[in-house]
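> Sequence:
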Amino acid sequence: MSDCRLILSLLSVTLVSSGNHSCADVFHLAEGGQVVGQLVESGEDGQYVVKSKLGGIVTLTKEQVEDVEKQSEHQQNYEARSRALPDTVAAHRSLADWCKQNSLSDLADHHLQRILELDPDDPQARASLGYQLHKGKWLTRDEIMAVRGMHFYEGKYRTAQDIALRERAKVRETSSAEWFQQLRLWRDWLDSKRGTRADEALTNLRAVTDPAAATSLVKLLNSERDLDVRDLWMEILAQVDHPAAVGKLVDLSLDEPDRETRLQCLDYLLRTRRTIDITPYIKALKSRDNVTVNIAAECLGMIGNKEAISPLIDALVTTHKFANPNAQQGDMQASFSPDGSGGAGFSAGGGPKIIKQDLQNVEVRRALVQLSGSQDHGFNPMAWRRWFVNQQSSTTFIDPRRDQ
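The numbering of the sequence shown is the working numbering, which starts it at 1 and goes up by one.
These are computed hints drawn from the structure, not numbers from a lab. Just so it is clear, the structure is predicted and the values come from calculations on it, not from any experiment. Fair warning: there could be bad hints in the mix.
In the SDA-like style, the derived pairs of lysine to any residue whose C-alpha atoms are separated by at most 20 Å in a straight line are [to be verified]:
1) K286 - A327
2) K135 - V147
3) K353 - S372
4) K70 - D87
5) K51 - N77
6) K219 - L190
7) K286 - K219
8) K156 - E143
9) K321 - R288
10) K283 - L359
11) K156 - R166
12) K51 - T61
13) K283 - G247
14) K286 - M302
15) K353 - S310
16) K137 - P120
17) K353 - N380
18) K306 - V250
19) K306 - P280
20) K356 - Q391
21) K62 - Q101
22) K70 - P86
23) K100 - K135
24) K193 - E143
25) K219 - Q181
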């Protein structure tokens, strides 16, 4: 041991044994050991000037001090109490209780553990340390849950399977973040004035098939303003076998303003030869927007799933609300059709402000014709329904995709 460390170690013993100090600090030394005393001042170059109650002074350089821990009055009182403590169950229990009352829980646990060393079956110490009597054995909650196959993970007890799934999810999130950075880099290269760099980026992007890239591709597509690059993102999404990629293409086939782009996204979905979930399209048939109803019907006709026939019949003629451009400003009144036909509206002044209108959906009819094998009952829902019921009871049903 160096002379410096020897002097500091002796000083540490002197200061600790000097009794209770006001505003005592613990100076943890870089080379090991500690000095306890009162900080008098910070000298030049970050030095610490420490004084004991007996008047001893030591100066520590900032290189010698690894950390400074402020000691509370309770901690100082504990030092005095613990030095005179008899090594008995009663004495350790009394000091443990005092530590709890003064928010020194770690020190309280230290004395409770010593009680168990003296008396392993002490029920009070066991309970205070979180033990429970389980099938004749004292076990902690963690040990009991482990017996049940549960382990503490991210704030809760979970099964090993759940933990494994969460770990895999973390790996996927990390991979997704890495993909986002890489894809964004290649996106920037597309705008490079160096033709070779742009060509390299295009080649790299068109080679992406990793499902971990799906969420990043969706994010980049959502924020893309360049129409040509948007088309590229859609093309890449079609290559990625992931629910996020499929879901985005479904959304675009319904919501994209440009019809050609909508149909291209639907074509991407059909090319995969995977079964397409028609639920989003069926739901869109109930849209308040008549345009959306017809877009969904056109998609269903191309998908060719006969499960869509009944919902399409329901959507053959739909009722929609429109603002009446001829309504005059004035008092609001309710109006009802005197012949009981169901027409109704709210009038402002001389005419209804909101009107309802039944619309015949051309694309719905076209989809029904496709799916029924060229049957055509026009816009007559009752006739379509009778045909459909008869087909359900028949042993044969014409497959509209038989020639594909």
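> Could you tell me which of the hints above the structure violates, numbers in ascending order?
1, 3, 4, 7, 15, 17, 20, 21, 22, 23, 24
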